[in-house]
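Protein sequence lines correspond, in order, to chains Z and B.
Mapping to my numbering: the first sequence position 132 is 132, numbers consecutive.
Mapping to my numbering: the second sequence position 225 is 225, numbers consecutive.
Warning: the hint list may mix true and false statements.
[To be verified] Here are the in silico distance ranges between beta carbons for each label pair:
#1 B/N2 x Z/K43: 34 to 42 Å
#2 B/K205 x Z/N223: 40 to 48 Å
#3 Z/E196 x B/G182: 32 to 40 Å
Think of the hints as simulated: they come from the structure by calculation, not from any bench.
Positions of the beta carbon are idealized from the N, C-alpha and C atoms, including for glycine.
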Amino acid sequence: MSILVDKNTRVITHGLTGKAGAFHSAQCLEYGTKVVGGVVPGKGGQKSEHGLPVFDTVAAAINETGANCSLIFVPPPFAADSAMEAAAAGIKVIVLITEGVPTLDMVKATKFIKDCGAKLIGPNCPGVITPGEAKIGIMPGYIHKPVDGKGKAVGIISRSGTLTYEAVWQCTQRNISQTTCVGIGGDPVKGLNYIELLTMFEADPATDAIIMIGEIGGTDEENAAAFIKANVKKPVISFIAGRTAPPGKRMGHAGAIISGGQGTADSKIAALNAAGIHVAESPADIGAATARALGLA
Amino acid sequence: MNVHEYQARQLLLQAGAPVPKFEVIDSADGVKQAIKAIGGGKLVVKAQVHAGGRGKAGYVILSDNADEIEKNVKRMFAEPMVSYQTGPAGVKVQKVLLAPAVDIDKEYYVGMVIDRAKGCPVIMVSKEGGVEIEEVNARNPEAIIKEWIHPHLGVQPYQMRRLCDALGLTGDHAKQATKVIGALAKIFLEKDCSLAEINPMVLTKANGHPAEIQAIDAKFNFDDNATFRHPDVTAMFDAAEENPAEMRAKEHNLSYIALDGNIGCLVNGAGLAMATMDIIKLHGGSPANFLDVGGSVTKDGAVEAFKIILSDEKVKGVLVNIFGGIAKCDVIADALIHAAKEIGFKVPVVVRLEGTNVEKARAMLKEANLSALTAADDLTDAAKKVCAAV
Numbered sequence: 001m002s003i004l005v006d007k008n009t010r011v012i013t014h015g016l017t018g019k020a021g022a023f024h025s026a027q028c029l030e031y032g033t034k035v036v037g038g039v040v041p042g043k044g045g046q047k048s049e050h051g052l053p054v055f056d057t058v059a060a061a062i063n064e065t066g067a068n069c070s071l072i073f074v075p076p077p078f079a080a081d082s083a084m085e086a087a088a089a090g091i092k093v094i095v096l097i098t099e100g101v102p103t104l105d106m107v108k109a110t111k112f113i114k115d116c117g118a119k120l121i122g123p124n125c126p127g128v129i130t131p132g133e134a135k136i137g138i139m140p141g142y143i144h145k146p147v148d149g150k151g152k153a154v155g156i157i158s159r160s161g162t163l164t165y166e167a168v169w170q171c172t173q174r175n176i177s178q179t180t181c182v183g184i185g186g187d188p189v190k191g192l193n194y195i196e197l198l199t200m201f202e203a204d205p206a207t208d209a210i211i212m213i214g215e216i217g218g219t220d221e222e223n224a225a226a227f228i229k230a231n232v233k234k235p236v237i238s239f240i241a242g243r244t245a246p247p248g249k250r251m252g253h254a255g256a257i258i259s260g261g262q263g264t265a266d267s268k269i270a271a272l273n274a275a276g277i278h279v280a281e282s283p284a285d286i287g288a289a290t291a292r293a294l295g296l297a
Numbered sequence: 001m002n003v004h005e006y007q008a009r010q011l012l013l014q015a016g017a018p019v020p021k022f023e024v025i026d027s028a029d030g031v032k033q034a035i036k037a038i039g040g041g042k043l044v045v046k047a048q049v050h051a052g053g054r055g056k057a058g059y060v061i062l063s064d065n066a067d068e069i070e071k072n073v074k075r076m077f078a079e080p081m082v083s084y085q086t087g088p089a090g091v092k093v094q095k096v097l098l099a100p101a102v103d104i105d106k107e108y109y110v111g112m113v114i115d116r117a118k119g120c121p122v123i124m125v126s127k128e129g130g131v132e133i134e135e136v137n138a139r140n141p142e143a144i145i146k147e148w149i150h151p152h153l154g155v156q157p158y159q160m161r162r163l164c165d166a167l168g169l170t171g172d173h174a175k176q177a178t179k180v181i182g183a184l185a186k187i188f189l190e191k192d193c194s195l196a197e198i199n200p201m202v203l204t205k206a207n208g209h210p211a212e213i214q215a216i217d218a219k220f221n222f223d224d225n226a227t228f229r230h231p232d233v234t235a236m237f238d239a240a241e242e243n244p245a246e247m248r249a250k251e252h253n254l255s256y257i258a259l260d261g262n263i264g265c266l267v268n269g270a271g272l273a274m275a276t277m278d279i280i281k282l283h284g285g286s287p288a289n290f291l292d293v294g295g296s297v298t299k300d301g302a303v304e305a306f307k308i309i310l311s312d313e314k315v316k317g318v319l320v321n322i323f324g325g326i327a328k329c330d331v332i333a334d335a336l337i338h339a340a341k342e343i344g345f346k347v348p349v350v351v352r353l354e355g356t357n358v359e360k361a362r363a364m365l366k367e368a369n370l371s372a373l374t375a376a377d378d379l380t381d382a383a384k385k386v387c388a389a390v
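My request is simple: use the sequences and hints to build the entire structure.
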C-alpha cells in the first residue's frame, strides 16, 4: 500500500519541454512512472523528446490521456496559475516542484486548490515517491527500498529535499522499506502539511512507522506534535534541522527563518519530546532511531 | 528584502496614510535646509541604517537646537554606527531622516504578516504600541487583536471597524486609523510584503488634548520571491546594507550566510546544510557559514563556493557534505580538484560524498591525491574528523 500515488497514477508534466521538465520527466519514466503527456501553452500538438503528446491546456491533456496527477516545473511567476489550472480541470494530486513562487500567489492558490477538492504537494519540494511504483519528483530513485512484504516499512514527511534522501538512505541501508516519501516543501505557505499526511500514513496498513523531518520556521512541527499525541498510534521518529541557525536569517528555504522568537528548533524539539516522539539528536542517527522505534535494534 | 525607515514613510504617504512631515539628507550640508523645510521646533533625527540599537548608539537624537542637530548629523555621517547588531566595524550612515517630534497622547501597534498555519495574511493591532510586539506577545498575548484576511476577498470594511473598535478609537480617530491600517494592508498585498509594521501609530496631542492619528515609525520586509514584479521595490534595495560575501554568493546562485565559527561548510540542499551545521556543533565544533550550493550546481559554481568559504579568515577547516541527487558527486569532486589547483587549500578539507555518481567521484579524488583532503565514511565520521582538524 501507499498514499497519494501508486503504479496506476497517470502523470502530466507542466513545462515538459523545458530543461528541468524534460530531464526529470525522463528520470521519472525510467523509474517506471506512467508519465502520459505534458502541458505547455503554445506547444499543443507537438511531441516531446520522450515521444509524449504535448497539450495547450490541462483539460485537453486529461481528455486525451486520462491523467490524474500533475507534476509542475513551470517558472515561479506562472507556477501558481499552472497549479490552479490543474485543480480547476479536475486533477486530484498536484506536485509543484518550482522554487521561488511568491508567497501571496500561494495564499490564493492553496485556498483555490483546496476548494476544488485537490491535494497540492509543494511548492519548493522534491515531490512524492512510492518506491517501486511511481516517482513523481526530482529525488534520486535508486536510494529507496520498495515495500516487499518482508521487513518493516516507514512513511516519510519532510520539509527538506536532501535531508530526506539522507533519511531514506539510512533506512534502506538498515533494510527498512519506504511506503511513500513526501517532500512538503520549504515554503511558508504550502499544500499538504504534516497533519494531513500523518492522517494518511496512520490509516495506511503498510506503514509501520512515520519519519517526520522538520526545520526551523513557523509552528507546523509544534502543531503536528499535538496532533500526534492525540491521534497517531504508530511510532513517529523526527529530526529538526537548524539548532545552530541564527535568528532573523532565512536559511536557504523561504520558510526557514526564526522570527519574533518563533520557529526555533528547541521549541519544536521540546514539543515533539513532550508528545512522546523519538527525536534524533544527529542527522546521522535518523535510520538508527527508526530501527529502534520499530524494535529492529 | 528590507527597506529604510524613510522609504517606509514614503510608501505609507503614497498609499494615503497620515504621516508627519519629514526630510531626508545624504550629507550634513543639507541640515539647515531640512530644518527650515520642516519649520523648526523640536525635531527627531535618525540615522538610516537597517541595524537595530540606533538609540543606544547615539544615532537617534531629539533636539530643538539647530546647532546641536547639525553637530550630531555631522557626527552620524562621519563615524560608522556601532551597535549590538553591527559588529565592531559598524555601518556607515548614508542618509539621515529629520522629522518633527510629535506630542503623543497614545501609542498603538499595527502590523501585518503571513499566518503560516492558516495560509493567509493577518492584521494585528494592539493598544500597547511603541514596544516590540514580541514582548507584548510574551507578556500579554490577549493585548494583540487579530483579523485574518480571506485569500480571495482581501480586507473587508467590517474588519477595519473591528480593529478600530479593539483600539478604542471612534469618530474622526477611527477614520484616520482606517486610513493608516488601510494603507498598510494595501502596501502589503500590492507589493508582496512578508512583514509590514507601523509601530507606533500615535494619537497626537495638541494644547493638551488628543488631536489626530498619525503613522510614525514603519518597517516593511518584502518577499524576495516576488520582487521580480515590483521594480519600484527593487529600486529601494540598498546593497551597502548587505554582507558582501552573501551578495557575491547570490550572484552565483549560491545560498550563503556568514556565521561566527571556524568550520566552513559546503553542502547541497538547505535542510542538509542546516543539519550539517548542527552535527558540527554536536561534535564540539562551530560552523563558519551556511552554504547550500543547490541542485543544479556547476563546477564553476562550486569553485566559487570554495572561494567564498576560504575568503573568510576565521575558517580553519572545511566540511564538504554532498548527498548527490540532482547534484552529482563527480561535479563536486571536479570542483574540489580545480579549487585546489586554483586557490590551494591551506586548511584541512574533509569530504563526505554519497549518492549519484559517488564511485566516480571517489575515484577522481583518489587519483588527484590532494594532500589537504580527508575522505570521510559517513556524516558522523566527517563531523568528527573536521572538528578534530581545527
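Satisfaction of the hinted span 34 to 42 Å by the C-beta atoms belonging to B/N2 and Z/K43: 40 Å, holds
Does the hinted range 32 to 40 Å hold for Z/E196 and B/G182 at CB? 35 Å, holds
Please check whether B/K205 and Z/N223 have a Cβ separation lying inside 40 to 48 Å. 44 Å, holds
When the structure is compared with the earlier hints, no violation turns up for any of them.
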